[in-house]
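Going down the list, the sequences are from chains A and B.
Under the working numbering, the first residue of the first sequence carries the number -16, and numbering increases by one thereafter.
Under the working numbering, the first residue of the second sequence carries the number 27, and numbering increases by one thereafter.
Bear in mind the hints are in silico, worked out from the structure with no lab data behind them.
These figures come from a predicted structure and were not determined experimentally.
Note that the Cβ used here is the ideal one computed from N, Cα and C, for glycine as well.
Do not rely on the hints blindly, as some may be mistaken.
As the list claims (entries may be wrong) - To give an idea of the chain A side of the interface with chain B (calculated C-beta under 7 Å), a few residues:
#1 Ser(-9)
#2 Asn82
#3 Ala89
#4 Thr90
#5 Leu97
#6 Tyr116
#7 Thr195
#8 Pro205
Read off the chains here:
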Amino acid sequence: MAPFSIYSFLGLGVPIIAVIYYAFQSEQGKPTLSNIALVTHGSYLLGFENSIVLALITSIVPGIIGLILAYAIATSRSATLKRLVATASGVLANFGGINLTFMFIATLGSTGILTAWLSAIHLNPWNFGFNLYSFYGVALVYLYFQVPLMVLVITPALGGLRPSWREAAENMGASSWGYWRYVGVPVLMPSVLGGMLLLFGSGFAAYATAETLTAGTVTLAPIQIGSLLAGNQLAGQENVGYAVGLGMFVVLAVTMILYGLVRRRASKWLR
Amino acid sequence: MASLIPDIVEDALVAVPEAPGRRRRPRLRVWRAVVLFIAGAYFLIPIYAGLRFSFENDAGHLSLYAVKAIPSEPGFSAAFWLSMRLAVVTLALTLVLMVPTSVYVHLKLPRLRRLLDFVTILPIVIPPIVLILGVLRAAPLWLRASPYLLSLVYVILSMPFVYRSLDAGLSAIDLKTLVEASRSLGGNWLNTLWRVVVPNLRSALLSATVLTLALVLGEFTMASLDLWTTLPVWIYQFQQVDAHVSTAVSMVSLIGTWLLITLIVSLDRSQSRRTRRRTNNS
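Kindly produce the complete structure, drawing on both the sequences and the hints.
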């Protein structure tokens, strides 16, 4: 136990403490709030806003798509399909970074395959204002790992939706809509919200995909940290990166607390 | 993380009970086909595009030149071997640290399991970019000058997956009886761990190994910010020279990882099936 405690303290505790400590230090080593003030204004604030919007888009949209997909599979009778989707989701949910970037450039880049197919029917998306190397391009690419993640998270909850409940509801005269309104949705809601919160965290923290796809040109909080670490900083603002890191901690801590609350509610139906 | 999850999910998926005599709803079937078709297209087209791009030359004709060129590209073998060395060191450190710890906690301090659960989930919650920010600031200079600083951090990153798979493996065996039997037969602790516990954890160790390797070989964020040209960093940088070759390396490494995972998992399945049969016969 001792080696593990020491290791995780040095590898996790010390770096976290360092980030928090230097967020409140000036370059001269004096305590200051100026880093925090910088981060809550101007371009750094914009980075947080964009990151939060991106995380919201890439949690709500894939959340709904993943739910529909998981439901389509859970109600199917084919065990092969179920096994295939479970395995594929496991692999795809871990996708990201450089491989994903290259695959999407080959698909929807200006000379990509899908772009070529679509321009053959005069629907080249680039002519309609689409740009893969932009904020919405990043959001589209994030779907690729967020949807499978949602499928993985939500499938056990769908399994907990017992057919007998539906039969009971129908026996008491409920329509399909009535069943979903009074049984299905209330039972699933905490699990769906929990899944979306997880997706929010993963979309908010992701760095490699956005960085490699846009070469660091989108204004997102993780990209700003990367750029600061690479030495693109103004004199007298050397410690501002730590304040951005602290800000990310705060957002993720709130997300995880909410997740814990929702999770407790969801587990009620998962026995 | 994922390779752990599928088994659980698979069970949940397959175990969904069939509603006896439920009306077959044709509308539902059409709807399901449409959903699956769209999802299939979204997930398969990029894979196809990546493969296609890897086997194409600049003129757009099918060609193997990119794949053949990989080993001789400048910087490739250095990056490849750096990634391999990091993977081996990370794996060794992870196993030496995590196996005795989880065995010890299971055996002697079961009350600490919740704490361990919490500590080992932290690396998922803390963004890698923030962790490396703190690491680069806090690490002493001599360590920052070495690529193996990355291995030390990757051990932290792999903890959630490794601990979870070891924890599941340890919960599935009667650890206490095994250890007591070994001890009463005169085995010392090291002997017990190596010759009794480890063989019984084979499949947990395998999945921990696979997850750690996949993690190290694909990690970009920390390696690029620590300024070491590991394989993913090299792939990213080389796209400016030849995007076909870069994409080819990325697809080959992807397929290689999948093959490795499939191989190890299927080896393990057939192995455990054989063991089970043997136990049944005896």
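Verification of the hints:
1. Ser(-9): 5 Å, holds
2. Asn82: 5 Å, holds
3. Ala89: 4 Å, holds
4. Thr90: Nearest chain B Cβ about 4 Å off; hint holds.
5. Leu97: 6 Å, holds
6. Tyr116: Tyr116/A check fails; min Cβ-Cβ to chain B is 13 Å, beyond 7 Å.
7. Thr195: 6 Å, holds
8. Pro205: 5 Å, holds
Violation of the numbered hints given earlier is confined to hint 6; every other hint is satisfied by the structure.
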